[in-house]
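Asker: Chain by chain, the residues:
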Amino acid sequence: MEQTEKKALQIAACKIRMGAIEAVYSAQSGHPGGSLSAADIIADLYFRELNIDPSHPKMENRDRFVLSKGHTCPGLYAALALKGYFPWDELKSFRHTGALLQGHPDMKAIPGIEMSTGSLGQGVAAAGGMALAGKLDQKSYRVYSLLGDGEIEEGEVWEAAMFAGHHKLDNLCWIIDNNGLQIDGPVADVGGPEPIDKKFEAFNFDVQKIDGHDLDAIDAAFCHAKTVKGKPSVIIAKTVKGKGVSYMENQVGWHGKAPNDKQYQIAMQELKTVLSGLEAE
Amino acid sequence: MAEMVKKATRESYGIALTELGEQYPNIVVLDADLAASTKTAMFREKFPDRFFDCGIAECNMIGVAAGLATCGKIPFANSFAMFSAGRAFEQVRNSVGYPHLNVKVVGSHAGLSVGEDGATHQCLEDIALMRTIPGMVVLNPADHYEMKAAVKAAVEHNGPVYLRLGRLAVESFNNSDDYHFEIGKGITLRDGKDITIIATGLMVSRALKAVKSLEKDGIDARLINLHTLKPIDREIIVKAARETGKIITVEEHSVIGGLGDAVCSVVCEECPVPVVKIGVNDVYGSSGPADEILEKFGLCESHIEEVVKNVLKK
Chain A
1 MEQTEKKALQ IAACKIRMGA IEAVYSAQSG HPGGSLSAAD IIADLYFREL NIDPSHPKME
61 NRDRFVLSKG HTCPGLYAAL ALKGYFPWDE LKSFRHTGAL LQGHPDMKAI PGIEMSTGSL
121 GQGVAAAGGM ALAGKLDQKS YRVYSLLGDG EIEEGEVWEA AMFAGHHKLD NLCWIIDNNG
181 LQIDGPVADV GGPEPIDKKF EAFNFDVQKI DGHDLDAIDA AFCHAKTVKG KPSVIIAKTV
241 KGKGVSYMEN QVGWHGKAPN DKQYQIAMQE LKTVLSGLEA E
Chain B
1 MAEMVKKATR ESYGIALTEL GEQYPNIVVL DADLAASTKT AMFREKFPDR FFDCGIAECN
61 MIGVAAGLAT CGKIPFANSF AMFSAGRAFE QVRNSVGYPH LNVKVVGSHA GLSVGEDGAT
121 HQCLEDIALM RTIPGMVVLN PADHYEMKAA VKAAVEHNGP VYLRLGRLAV ESFNNSDDYH
181 FEIGKGITLR DGKDITIIAT GLMVSRALKA VKSLEKDGID ARLINLHTLK PIDREIIVKA
241 ARETGKIITV EEHSVIGGLG DAVCSVVCEE CPVPVVKIGV NDVYGSSGPA DEILEKFGLC
301 ESHIEEVVKN VLKK
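Protein sequences, first through last, are from chains A and B. Numbering-wise, my numbering puts 279 at position 279 of the first sequence, and it's gapless, one number per residue. Numbering-wise, my numbering puts 149 at position 149 of the second sequence, and it's gapless, one number per residue.
Worth flagging that the hints you see were computed from the coordinates, not collected in a lab. Be careful, since some hints might not be right.
To be verified - Over the 12 angstroms line for every Cβ pair with chain B, so calculated as not near, a few chain A residues: (1) Glu2; (2) Gln10; (3) Asn51; (4) Ala131; (5) Ala133; (6) Glu153; (7) Lys198.
Claimed, not checked - Okay, derived cross-link-like pairs now, DSS-like style, lysine-lysine, Cα gap no bigger than 25 angstroms in a straight line: (8) A/Lys168 <-> B/Lys46; (9) B/Lys46 <-> A/Lys108; (10) A/Lys135 <-> B/Lys230; (11) A/Lys139 <-> B/Lys46.
Unchecked claim - To give an idea of the chain B side of the interface with chain A (calculated C-beta under 10 angstroms), a few residues: (12) Pro48; (13) Asp49; (14) Gly55; (15) Ala57; (16) Ala66; (17) Gly86; (18) Val273; (19) Val276; (20) Lys309; (21) Asn310; (22) Leu312.
Predicted model only: the values in this text are computed from it and were never measured. Don't be surprised by glycine CBs; every beta carbon is placed ideally from N, CA and C.
Can you make the complete structure from the sequences, with help from the hints?
Answerer: Now the structure itself:
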């Protein structure tokens, strides 16, 4: 990837983080930690990888993205707003009564949302259906689904994995946001989903492990996934929960908590500094 | 074509689905390792490319159906009612109901008439569960012809549908493929003025026999076939309440949350009259041949007659 392209993605990722903080702060509710950990992956998907057109959100052969870890929609909503699916100001009424942006993704109301998610494990199952439809109709679109490393404790995730592997859905790519933390503590202590890579290998997935904040690595992983034939792909992206806001990084307490006024100012200041640095280079 | 046939509604469903597969290329059928029992094997044989066995993983099957529906397919997701409506309830609610996707959730082997498999497989809660989902159509056809018409109606309806199938063969009381079926419209099978029996699914043919027998005893009972539990036909229920003053509901389902409760809520709101519910009284089923088990739990003509006579004595 060219340096200019990479910088554009870094800027997008920073803006996604700012949008996520804005939304959660405005709602005084929501999930900042996992929105921030996935921001670089979301940026790469929405500003490089996905074949989508905000002016034709239902374009037949569009790529599909399903946020299986639906609670981290503040980051996704920020990306959709940046893409132009709806005005940026909608982020400020996230989770408010009567607002467009529901607490978890609502495909009926929100442009650009491909599947209503939030109940963990269900998004990847629907993504499997979308990939199957693509195979049936001999379409070239690809289906991407992002899930949490805590989410994979859900049994349905492994039903969906078995289905995707068995039906050789090579148009399907899962990304695991492996930030290592879930509400009750480290995933290693709570549900123990490791070793994640070995499990997916056993389910007939092509497995890649990357640094989920390295845009070159994310891009390379998506490129490789497209070359895989006869099996679905999973990209296990090692990330830092709360990435980009110093006091949130690797802090389990920021899974589902909103910043107060002072914390909001600090977070936005840190992100603005990063953004100005990128824009000044 | 006019003939009496004796078939389980699951078989009629399999026939209808296979016939409709020709006309509707978007129909896709999913099953969870029960294709021979749910009768989707008929579809599989004719349209192998549009049939997918999801293995014994009903929750994922519902999600796959939802994903297919977002891409314009008309998926039928099949298992025993206990598993499609029961185990996967939350998937049906959140991945099908909430986004109002065009998925047909099929619950076969519903009710006590599964027979020998016993309580773990005798789903008596599916109607209650499915009724609580906003926008869900709930259908419980009573015989071969009604089932065939209902499957077609489900395909033509754009939105989520729950379709209840039975395992036990039932004599048809309708007699034509031209049978007119409309979602949400109950059918008055026999007019009457002394009392109204409202039945659904397997119990309709049994109630019909009871009504004929009651006639010999001078009791003029009305019989309504309520094949659609949701949206419920308020008009036909209120009319019956007004004109006959007493209602008995008959269902192969728990008396909690099913036909009886649905009828009660309409009657309470619009024309309060006594309603007596015949169904499974907040207990589990048990193993045994279907007809014996149905009799044991009072889901037979003689018990319906007895209840009618008791209500009329009061």
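Asker: I'd like to know which numbered hints this structure contradicts. Please list them from smallest to largest.
Answerer: Hint check: 4, 5, 9, 10, 12, 17, 18, 19, 20, 21 and 22 fail, others pass.
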